[in-house]
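Colleague: One letter stands for each residue in the lines below.
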Amino acid sequence: MKFISKHILFLMLCTASAFGGNDEDSTGKSFSESAKRISEERKSTALLYSIILPGSGQTMLGSPYKGFSFTLVGFGSALTSLISHNNFVASNERLDALEFQYRNSTTWEASNQIYKSLTETHTKMKNYQKMRNTFALVSAVVWTFNIVDVMFFTEDEGESVFSMLRMEQSAVAIAGNIDLQQQLQLRIPIQ
Amino acid sequence: MLLCGAGCNEERILTPNTHDGRVPDVINFSARVDSSATKPTKFIVWLNWSYDSVRYSIKPNLKNWEVYRIIGYEDTLTVKFQLQKFVQVPTFGDSSVSIQPGNRDSVVILYRVIPVGNVDANNIQFTGKPSDIVRVSIKKK
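Here the protein sequences come in this chain order: U and S. What the first sequence shows, in the working numbering, is residues 1 to 191, in sequence order. What the second sequence shows, in the working numbering, is residues 1 to 141, in sequence order.
Just chain S, same shape as in the assembly (with noise of 0.2 Å):
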């Protein structure tokens, strides 16, 4: 009973991954301090990236991108990423970023960004695989 069981079993075939690659990966992100703002305890982190332009050419799903940050701390695990904003194009700029006076010497940003795609036939709206972390360390002038 069981080899005719057995031999009525048709091969299941495991389902293909659609989640890579479903919305344009992240690629080539990296941070710039700019410190040259007028204030001294003021700073610029310019955050730049990009995708693969080539394999997604014709009409990426690709909405927008979160930018994600962790301000003060490095342990990924036990502190969230907060969500700095949306931005339609692969640059941003955090002018947020501060060391008031009296305060420790320097600062540690963690940076993410994760791309979001446009809201599909089933509205559903897929978000992409996130960046690398990239790690900002900012000392006081």
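Bound-form chain U, shown alone (with noise of 0.2 Å):
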């Protein structure tokens, strides 16, 4: 007793036999018809993702660079088309301010830097619409070029289903030493 409570062996043995087997067996074809199902649920689904945020299904399906890549090109040109509108109305409402004080002015000084004032404005409203117009553009096409990305040319390199998981069938033994008048000491080798 009190040689198994100074040395402990403890052996644990890992085979991956227990959760699944050779493409060769006897459920190989079930197996493979049911890897299938699970890649379209899965194609499915990060279409679907795709659809809400640019670059998500990418990232779902094992593409975590591409996916970044379309997120952040996705949402840099559909926030700076946003401010750009913002921008835009901004400027407009600035023009009509500016077009009742130019209309009441009563003197030729007075008049002439409000036009130069709504000339200048006139100009950056028309960029703005501009810059708000070609990136919207460039989100739709974005997006749209995401969505046929996740549908055809994105493989799905991510992660199976557990249970479908082919290991290595070799065994693992973790052998542990505790000494109790010191501390547990534990060696685990990592294939």
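Be careful, since some hints might not be right.
[As the list claims (entries may be wrong)] 20 Å max Cα-Cα, derived SDA-like pairs, lysine to any residue:
1) K116(U) - K63(S)
2) K129(S) - P16(S)
3) K59(S) - Q82(S)
4) K80(S) - D132(S)
5) K124(U) - A90(U)
6) K63(S) - N123(S)
7) K63(S) - T107(U)
8) K124(U) - T107(U)
9) K129(S) - D20(S)
10) K124(U) - P16(S)
11) K116(U) - R12(S)
12) K124(U) - E93(U)
13) K116(U) - I13(S)
14) K140(S) - I71(S)
15) K43(U) - E155(U)
16) K85(S) - D132(S)
17) K116(U) - N17(S)
18) K116(U) - P16(S)
19) K139(S) - I44(S)
20) K85(S) - N118(S)
21) K124(U) - E10(S)
22) K63(S) - P16(S)
23) K129(S) - D52(S)
24) K126(U) - L14(S)
25) K126(U) - I13(S)
26) K80(S) - G76(U)
27) K116(U) - G21(S)
28) K116(U) - N123(S)
29) K116(U) - K129(S)
30) K63(S) - E109(U)
31) K116(U) - R22(S)
32) K66(U) - L47(U)
33) K129(S) - K139(S)
34) K130(U) - R12(S)
35) K129(S) - Q113(U)
36) K129(S) - E10(S)
37) K42(S) - G117(S)
38) K129(S) - E109(U)
39) K126(U) - E10(S)
Rather than coming from a laboratory, the hints here were simulated on the basis of the structure. Predicted, not measured: the structure shown is a model, and the values here were computed from it.
Make one complex out of these two single chains by using the hints.
Modeller: Listed below in structure tokens is the structure:
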């Protein structure tokens, strides 16, 4: 008993055979069909994700860099477009105010100054409008291409269902040596 | 959504320029010093100008002109022009110029004329584009 408490040998054998087998075994056909069905389900989910958030489908399928790129470009262009739209609306309102001032101005000098501001604001407004349209178009193209990409060009490289994992059939022994006086010492060989 | 918004926006046209030429501009503005006055310290400065009568031949929007001046200073940024008179004709004789004995030998005067339009239907009397500034230097006789 003392011997056991002082030197415990802890042996753990893990075998993959308990979890699955080869494709050539008796359940091979059903495994293949199941894997295909799961892959299709994952593709559908990825497509849905990509429709909602560009790049998220690619990330889910195991292409994080591609997914991140789509998200970044899609979000960046959409945000720029939104900010440009906001500036466009603000410029439009400023134009209304300046036009009112211009109509009611009584001196040439004041009118000239207001008209200069009017011209500048109008130019800015047109630039904002152009920027908004361009980036909105970029967002739309990125979003569309992101959907096409997740449907046709992105391979499913991600995880499989745990039970479908093909694990190597090798034994791993974990030996432990517990010294009650000192501490628990474990040696875990990792392959 | 943004694309839809972009498609629905009409192109906004810039308001046309209505302040230039609303009142006839002053052209050919000049000044002449008349030193033939009886007193040696008194001078008359004659100002003459005109407007484009060909362009504004039919009933120009012009009621009168305002004559402004700065005397003794040349910095128009710090010193404001003082209104001298409203005139109905494009000429003005400034007889209030004098160099007092014992004072400096010369004096510099800056002149400017601003055309004033008629009161319009919206009850606005528009003041036109100021003329160029004419500099007159008068020396003691």
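Colleague: Each hint: holds or not?
Modeller: Hint check:
no.: 1; hint: K116(U) - K63(S); result: violated (27 Å)
no.: 2; hint: K129(S) - P16(S); result: holds (17 Å)
no.: 3; hint: K59(S) - Q82(S); result: violated (29 Å)
no.: 4; hint: K80(S) - D132(S); result: holds (15 Å)
no.: 5; hint: K124(U) - A90(U); result: holds (10 Å)
no.: 6; hint: K63(S) - N123(S); result: holds (14 Å)
no.: 7; hint: K63(S) - T107(U); result: holds (14 Å)
no.: 8; hint: K124(U) - T107(U); result: violated (26 Å)
no.: 9; hint: K129(S) - D20(S); result: holds (8 Å)
no.: 10; hint: K124(U) - P16(S); result: holds (17 Å)
no.: 11; hint: K116(U) - R12(S); result: holds (17 Å)
no.: 12; hint: K124(U) - E93(U); result: holds (12 Å)
no.: 13; hint: K116(U) - I13(S); result: holds (15 Å)
no.: 14; hint: K140(S) - I71(S); result: holds (15 Å)
no.: 15; hint: K43(U) - E155(U); result: holds (9 Å)
no.: 16; hint: K85(S) - D132(S); result: holds (17 Å)
no.: 17; hint: K116(U) - N17(S); result: holds (10 Å)
no.: 18; hint: K116(U) - P16(S); result: holds (12 Å)
no.: 19; hint: K139(S) - I44(S); result: holds (12 Å)
no.: 20; hint: K85(S) - N118(S); result: holds (17 Å)
no.: 21; hint: K124(U) - E10(S); result: holds (16 Å)
no.: 22; hint: K63(S) - P16(S); result: violated (24 Å)
no.: 23; hint: K129(S) - D52(S); result: holds (13 Å)
no.: 24; hint: K126(U) - L14(S); result: holds (11 Å)
no.: 25; hint: K126(U) - I13(S); result: holds (10 Å)
no.: 26; hint: K80(S) - G76(U); result: violated (53 Å)
no.: 27; hint: K116(U) - G21(S); result: holds (16 Å)
no.: 28; hint: K116(U) - N123(S); result: violated (25 Å)
no.: 29; hint: K116(U) - K129(S); result: holds (15 Å)
no.: 30; hint: K63(S) - E109(U); result: holds (18 Å)
no.: 31; hint: K116(U) - R22(S); result: holds (17 Å)
no.: 32; hint: K66(U) - L47(U); result: holds (15 Å)
no.: 33; hint: K129(S) - K139(S); result: violated (31 Å)
no.: 34; hint: K130(U) - R12(S); result: holds (13 Å)
no.: 35; hint: K129(S) - Q113(U); result: holds (12 Å)
no.: 36; hint: K129(S) - E10(S); result: violated (34 Å)
no.: 37; hint: K42(S) - G117(S); result: violated (34 Å)
no.: 38; hint: K129(S) - E109(U); result: holds (7 Å)
no.: 39; hint: K126(U) - E10(S); result: holds (11 Å)
The structure shown violates the earlier hints numbered 1, 3, 8, 22, 26, 28, 33, 36 and 37.
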